[in-house]
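Participant: Dock chain B against the given chain A, drawing on the hints supplied.
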Amino acid sequence: MELICPAGTPAAFHEAVDAGADAVYCGFRDETNARNFPGLNFSREELREAIAYAKRKGTQTFVALNTFMRAGAEEIWYKGAADAVALGADALILADFGLMAHVAEKYPQQRLHVSVQASASNPDAINFLVDAFNAQRVVLPRTLTIADIARIGKNIRCEMEVFVFGGLCVMAEGRCSLSSYATGKSPNMNGVCSPASHVRYRKDGGELVSELGEFTINRFPAGEAAGYPTLCKGRFDIADSNGYAFEDPVSLDVMGELEALKAAGVKALKIEGRQRGKAYVAEVVSTMKAALNSAPDRRAPLLARLRTMSEGQKTTSGAYEKRWR
Amino acid sequence: MTDMKKTSLTLGPVYYLWNAEKWRDFHFRIADEAPVDRVVIGETVCSKRQHFIEPHLAEVVERLESAGKTVILSTLALVTLNRESKQIREMAEVSEHLMEANDLSALAILKDKPHTIGPLVNVYNAPTARLLAGRGAKRICLPPELPFSSVKEIAAEFPDIDFEVFAFGRMPLAISARCAHARSKGKIKDNCQFVCGEDPDGLPVRTLDRQSFLALNGVQTVSHACQSLLGELDHLVKAGVRSFRLSPQDCDMVEVAKLHRAVLDETVDADAGVAKLRQLYAAAPLANGFHHAKEGAVWMARTRSLQAAWPA
Numbered sequence: 001m002e003l004i005c006p007a008g009t010p011a012a013f014h015e016a017v018d019a020g021a022d023a024v025y026c027g028f029r030d031e032t033n034a035r036n037f038p039g040l041n042f043s044r045e046e047l048r049e050a051i052a053y054a055k056r057k058g059t060q061t062f063v064a065l066n067t068f069m070r071a072g073a074e075e076i077w078y079k080g081a082a083d084a085v086a087l088g089a090d091a092l093i094l095a096d097f098g099l100m101a102h103v104a105e106k107y108p109q110q111r112l113h114v115s116v117q118a119s120a121s122n123p124d125a126i127n128f129l130v131d132a133f134n135a136q137r138v139v140l141p142r143t144l145t146i147a148d149i150a151r152i153g154k155n156i157r158c159e160m161e162v163f164v165f166g167g168l169c170v171m172a173e174g175r176c177s178l179s180s181y182a183t184g185k186s187p188n189m190n191g192v193c194s195p196a197s198h199v200r201y202r203k204d205g206g207e208l209v210s211e212l213g214e215f216t217i218n219r220f221p222a223g224e225a226a227g228y229p230t231l232c233k234g235r236f237d238i239a240d241s242n243g244y245a246f247e248d249p250v251s252l253d254v255m256g257e258l259e260a261l262k263a264a265g266v267k268a269l270k271i272e273g274r275q276r277g278k279a280y281v282a283e284v285v286s287t288m289k290a291a292l293n294s295a296p297d298r299r300a301p302l303l304a305r306l307r308t309m310s311e312g313q314k315t316t317s318g319a320y321e322k323r324w325r
Numbered sequence: 001m002t003d004m005k006k007t008s009l010t011l012g013p014v015y016y017l018w019n020a021e022k023w024r025d026f027h028f029r030i031a032d033e034a035p036v037d038r039v040v041i042g043e044t045v046c047s048k049r050q051h052f053i054e055p056h057l058a059e060v061v062e063r064l065e066s067a068g069k070t071v072i073l074s075t076l077a078l079v080t081l082n083r084e085s086k087q088i089r090e091m092a093e094v095s096e097h098l099m100e101a102n103d104l105s106a107l108a109i110l111k112d113k114p115h116t117i118g119p120l121v122n123v124y125n126a127p128t129a130r131l132l133a134g135r136g137a138k139r140i141c142l143p144p145e146l147p148f149s150s151v152k153e154i155a156a157e158f159p160d161i162d163f164e165v166f167a168f169g170r171m172p173l174a175i176s177a178r179c180a181h182a183r184s185k186g187k188i189k190d191n192c193q194f195v196c197g198e199d200p201d202g203l204p205v206r207t208l209d210r211q212s213f214l215a216l217n218g219v220q221t222v223s224h225a226c227q228s229l230l231g232e233l234d235h236l237v238k239a240g241v242r243s244f245r246l247s248p249q250d251c252d253m254v255e256v257a258k259l260h261r262a263v264l265d266e267t268v269d270a271d272a273g274v275a276k277l278r279q280l281y282a283a284a285p286l287a288n289g290f291h292h293a294k295e296g297a298v299w300m301a302r303t304r305s306l307q308a309a310w311p312a
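As you go down the protein sequences, you meet chains A and B in turn.
Sequential numbering from 1 applies to the first sequence in the working numbering.
Sequential numbering from 1 applies to the second sequence in the working numbering.
Excised from the complex, chain A in its bound form:
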């Protein structure tokens, strides 16, 4: 299985290539990609340099243009696609049908991958994208069990890529407006979720309160480590209980299921984390590469090392395990 690694900066890109990534995915420094955070992403010149470096090392580069085109401003996305193709991207990762149609028509030779943001969660949906836009790979939503993935794999006409490590969306990706309800900025339209520009921390008595826009997302008693107020990982008051209503502040780790994913027909494993620093990327990529190259019974120490690198060191296998639902 291929290992697909994140890069939010040219430095992280180099680290990922050196650590043994089969492909690195990244995006332009604008609203065309779903990790449109300050200080991240690539200028055209940086991408040119990165792709050249990757090609010398035999690594592929995937360019994510995976937000939804703003009506009337489609040229920004079209220009992004044109430049990524011209710079030699090995694949474009797309979510918007309008953009998929444009790319399929203008650049029929270009490899097109379906972003997780497109929410293609079943064979009918995936085959529709294969037939309509010649999609060659689909990044599956993090809403499926491994049994679902195996069944889908038997019924589709393209490759499957799945997230195995890093941040976890609780909601179906590309179908969530929670962030814009509180902040006016959404993953689909602006490439951000729970943006830092709208985050505030304040002291209230002995507690630290984290807020997103006007809404309290969490309160941390003295002594409890405060986390970032990602909306769906907050503590809320429902009926008579207070707690993590949607999901605890955990991250995804299904590296323990490598054999099952392989048997399900998964072609590529994806690491989330374009917002992470180069040291994290280097460490995670090299450890995962080593795990992939080891016999199943030799993986345990590597997977244990990986777990220490997870957000808050608490992990879940998410929807891949049916009981999570």
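Mixed in with the good hints, there may be bad ones.
Below, simulated DSS-like cross-link-like pairs (lysine-lysine); rule was C-alpha separation at most 25 Å, straight line [what the hints assert, rightly or not]:
#	chain 1	residue 1	chain 2	residue 2
1	A	K322	B	K5
2	B	K152	A	K185
3	B	K86	A	K154
4	A	K79	B	K152
5	A	K314	B	K187
6	A	K185	B	K294
7	B	K22	B	K5
8	B	K5	B	K276
9	B	K48	A	K322
10	A	K106	B	K111
11	B	K6	B	K48
To list a few chain B residues with every Cβ distance to chain A over 10 Å, as calculated [to be verified]:
#	residue
12	M4
13	T7
14	E33
15	V61
16	T70
17	D265
If you are wondering where the hints come from, they were derived from the structure by calculation, not from laboratory data.
For every residue, glycine included, the Cβ atom is placed at its ideal position computed from N, Cα and C.
Facilitator: The following block gives chain B in isolation, referenced to the frame of chain A:
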């Protein structure tokens, strides 16, 4: 006749799990009394609930159609299981009714068959609308998150497609494979005992500072605030929007529909309409922030120079 009067009203599918008799009687009354042109029916949120309304489906369709309403059959918002795909496929094969796509799989199945697009499909721009129209979409309800600037762009480009906007109802904000509603009551999705049926207007999610924020509806998360575009109908009609969707809440939807029709017919002015709407649905504050490219939770007053107000 003015353009306002030429508009139509669509009653969206009931997103919540109502008991079967309540669901039937609600639609009977809509058929008899509500000035809506079409009604979308069928389970949209969770396939586990589908059997509840089945015994009453035929009589509801018949009552609505005898009253002159067009009936549209809804499809699931998140399709992952084989039996869910199969159900949509079978419905497409046998049904003589228009169907509404809420997920990519339905788009695939309904290709070249006339259909409508629900507000849960990501139509953010004109090229996407063009693609869907080319595949047989006759009416497109744009996503609630879409700002007016985008609605205007899209509608201007295709005068031949009926565009609809989500004008009333708690906004469908997210859907998950996981059921937060069942989990909040100590269950999981596979053993949920349909506890979502206890909350016919959603289960309130408050912040730890007791701010009303969201509501759970099974695997779906909706806003606490209720979207209302009553004050923006005139702008939307001028921009080329022809239809407005009213999404059922647990309130007098007949009166809500009459009020929207009256504002569209210009027999009630928008400000008076908004004031009346607040009485008809007092369970939640009104919001129209998405329309104004602001936070979806805010209300932008029509009269003053668009001052944002947060729900209390």
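Participant: Please go over all the hints and tell whether each is borne out by the structure.
Facilitator: Here is what the structure says about each hint:
Only pairs whose Cα atoms come within 25 Å are accepted, and K322/A paired with K5/B is rejected, the gap being roughly 51 Å. Among the hinted pairs, K152/B with K185/A is consistent with the structure: their alpha-carbon atoms are about 20 Å apart, no more than 25 Å. With a C-alpha separation of about 16 Å, the suggested pair K86/B and K154/A falls inside the 25 Å cut-off, and the hint holds. About 23 Å separates the Cα atoms of K79/A and K152/B, which keeps this hinted pair within 25 Å; it holds.
Between K314/A and K187/B the alpha-carbon distance is near 22 Å, which keeps this suggested pair within the 25 Å criterion. Our distance criterion of 25 Å between C-alpha atoms is met by K185/A and K294/B, whose separation comes to about 8 Å. Between K22/B and K5/B the alpha-carbon distance is near 32 Å, which puts this suggested pair outside the 25 Å criterion. For the suggested pair K5/B and K276/B, the alpha carbons sit about 20 Å apart, so the restraint of at most 25 Å is met.
With a C-alpha separation of about 15 Å, the suggested pair K48/B and K322/A falls inside the 25 Å cut-off, and the hint holds. Distance hint between K106/A and K111/B is fulfilled; the C-alpha atoms sit about 23 Å from each other, no more than 25 Å. Our distance criterion of 25 Å between C-alpha atoms is broken by K6/B and K48/B, whose separation comes to about 39 Å. The beta carbon of M4/B is kept farther than 10 Å from every beta carbon of chain A, the shortest such distance being approximately 24 Å.
Distance to chain A confirms T7/B as a non-interface residue, since its nearest Cβ pair spans about 21 Å, more than 10 Å. Residue placement check: E33/B keeps its beta carbon more than 10 Å from all beta carbons of chain A (closest about 32 Å). Residue-level check passed: V61/B sits 25 Å from the nearest beta carbon of chain A, beyond 10 Å. No Cβ of chain A approaches the Cβ of T70/B within 10 Å, the least distance being about 26 Å, so the stated non-interface status holds.
Every C-beta of chain A lies more than 10 Å from that of D265/B, the closest at about 29 Å, which supports listing it as non-interface.
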